[in-house]
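Peer 1: Residue numbers (UniProt numbering), protein chains in the order written: chain A, 1 to 518; chain B, 1 to 103.
Hints were generated in silico from the structure; no laboratory data involved. Since this is a predicted model, take the numbers as computed values, not measurements. Check each hint, because a few of them may be wrong.
Said to hold, decoys possible - Computed cross-link-like contacts, BS3-like style, restricted to lysine-lysine with a CA-CA straight-line distance of at most 27 Å:
hint, chain 1, residue 1, chain 2, residue 2
1, B, Lys-45, A, Lys-499
2, A, Lys-421, A, Lys-363
3, A, Lys-329, A, Lys-363
4, B, Lys-44, A, Lys-499
5, B, Lys-45, A, Lys-363
6, A, Lys-363, B, Lys-44
What the hints assert, rightly or not - Here are a few chain A residues that sit away from chain B, every Cβ distance over 12 Å (derived from the structure):
hint, residue
7, Glu-11
8, Ser-22
9, Gly-233
10, Glu-295
11, Pro-341
12, Asp-379
13, Phe-396
14, Ala-491
15, Pro-492
16, Leu-494
17, Lys-499
Said to hold, decoys possible - So the derived label-pair ranges between C-beta atoms look like this:
hint, chain 1, residue 1, chain 2, residue 2, range
18, A, Gly-376, B, Ala-97, 40 to 48 Å
19, B, Arg-68, A, Gly-277, 43 to 51 Å
20, B, Val-38, A, Ser-209, 40 to 48 Å
21, B, Leu-76, A, Pro-360, 45 to 53 Å
Cβ atoms here follow ideal geometry from the backbone N, Cα and C, with glycine treated the same way.
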Amino acid sequence: MSDLTRFTAAELAEHLAAGDVSSVEATRAHLDRIAEVEPDVHAFLHVSGEAALRRAAELDRLRAAGEAPSPLAGVPVAIKDVLCTSDMPSTAGSRILEGWVPPYDATPVARLRAAGLVPLGKTNMDEFAMGSSTEYSAYGATHNPWDLTRIPGGSGGGSAAAVAAYESPVALGSDTGGSIRQPAAVTGTVGVKPTYGGVSRYGSIALASSLDQVGPVSRTVLDAALIHDVIGGHDPHDATSLTDTWPSMAEAARRGRTEGSLAGIRVGVVHELNGSGFQAGVRQRFGEALQRMAEAGAEIVEVAAPHFEYAISAYYLILPAEASSNLAKYDAIRFGLRVDPGRSTTEQVMALSREQGFGPEVKRRVILGTYALSAGYYDAYYGSAQQVRTLVQRDFTAAFEQADVLVSPSAPTTAFPLGEKVDDPLAMYLNDVTTIPANLAGVPGMSLPIGLAPEDGLPVGLQLMAPAREDARLYRVGATVEALLEAEWGAPLLSRAPKLGRPVPAPGFGTEPDGGTL
Amino acid sequence: MPDASPVITVADVQHLAGLARIALEPAEIEHLAGELNVIVDSVKKVQEVATPDVPATSHPIPLVNVLRPDVVGEVLTQEQVLSGAPDAFDGRFRVPAILGEEQ
């Protein structure tokens with residue numbers, strides 16, 4: 001039997017349907033792989049071994065009875081720890097929620113379960129999704145499977161590393177300013193931020209409510225589309241969830257792969273994100289990807305988005321403002337950590353619990369947000385940021401009059417070394433320059449691998465963006481680009497990642513704050 | 001060039017931390033004041049283009065309020081709601097004293 005962890009979710013689904021692989025076998029193979037590589041990668045905060053095998057056995061029985069709930073029934077999946085799971089702790093990477101088991105499932109999780117996917121565990125992330133490297137996780141950083149001394153991106157570095165290291169074929173992520181797309185870029189995987197409201201956020205632990213969106217993490221465009229189809233669509237539990245009827249993303253991806261989609265399509269290179277000032281190898285691979293797209297019939301046009309340069313500033317006012325409000329719920333009363341030295345008031349207990357339960361980045365952003373919202377500064381900061389949001393939206397509207405999809409490198413650099421930016425918040429924030437505009441405007445974005453930077457041999461990602469509600473266009477175009485590049489490489493990019501689970505030199509460099517936990 | 005933005009002082013951070021209900025050590029407050037000044041100095045860039053003629057956007061996709069009939073929906077049981085509480089008694093959340101001795 002070939003290594004079951006190398007199959008994509010789509011391939012596994014075919015084998016499960018053909019009956020030559022069982023869900024128990026597939027699940028066990030991934031749990032074995034987790035045991036093998038987790039000491040190095042640390043993608044998971046919780047592994048649900050027994051429960052996963054029990055559920056897999058149940059799905060094998062259902063399939064044998066002809067009652068498989070969906071084509072993906074029996075396929076393993078990893079879940080970012082920002083999503084509530086009724087049978088696993090859900091901490092959002094924070095000490096303040098250590099050990100908390102929510103009384104309900106987030107809607108995307110409930111939909112995966114209903115479709116018969118098998119949750120393997122919860123993946124690591126920056127605390128409350130605040131970060132671009134997973135180094136702000138209260139439970140230790142995740143390591144990039146391509147180079148264990150480097151960041152896996154963030155906040156969803158755990159989900160990206162888990163699929164890159166073949167610990168799971170697919171995973172769920174959340175993207176507030178790039179937390180799905182940037183980890184995908186630096187780990188050589190695929191990640192999609194759907195249109196704002198396209199996927200329910202019920203049970204997704206809130207960071208910034210006008211920006212957050214849940215989406216798929218995978219190794220192929222088709223796998224992301226398959227997961228998108230399962231988790232997407234209206235949910236009455238989420239008042240911001242769109243009531244649209246969506247086309248099949250998987251159908252779009254399949255057509256994009258087999259028929260091609262680039263002939264006559266206008267691909268807009270965003271002038272402000274065209275790579276100037278970015279790492280040389282990122283610029284080079286981005287230019288080559290454009291060349292391939294042009295050869296396949298795309299018309300490459302340059303579009304201007306003059307206000308994108310203000311997007312990052314607007315984001316780092318809007319996000320802290322909304323986060324300071326959302327995180328007020330951690331009051332040491334209803335759930336989570338309570339630090340009570342005795343003879344203290346509820347207010348003192350709350351302040352002490354938040355001091356101990358929140359890490360430095362969370363404190364920084366909550367206090368920044370409190371400042372931005374305070375009387376006398378509201379108009380100058382939060383108000384101005386919301387005006388910039390209008391300008392960014394107008395830039396997108398104008399750009400999409402000239403182009404069907406917009407493109408940029410997914411991130412300015414390849415994976416940087418763990419520890420490099422952890423004490424320099426502003427440098428960490430600048431890392432999100434490419435991904436933030438899509439969140440401010442609510443448009444969908446995808447990152448897919450386009451090669452390795454020659455200078456460091458690390459993955460580079462291409463970001464595709466489409467108008468709001470045109471998520472299917474991303475899958476159609478993304479699947480074509482993926483097919484073109486794989487034909488050129490002769491194999492998926494991840495086949496060039498170094499082997500894991502062998503004796504590897506210790507990560508070292510003192511970069512893991514508390515040694516990490518499995 | 002003179003810096004037009006108000007400088008965030010240690011006292012400001014102390015005040016903000018109080019509003020945000022986060023206890024902080026003096027050293028932490030001092031460190032944060034420095035960091036916040038650097039961040040605010042950078043993000044105030046938004047003011048350059050936020051002219052009065054530009055309307056504000058609070059939400060990326062226009063939405064309308066959502067209503068439903070006033071009937072009991074899918075809700076959590078009392079036991080579920082209390083399941084994660086640090087302290088509960090007799091079907092309710094139990095909290096430390098609301099008022100201090102001075103109040």
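Peer 1: Among all the numbered hints in the text so far, which are the ones the structure does not match?
Peer 2: 1, 4, 11, 12, 13, 18, 20 and 21
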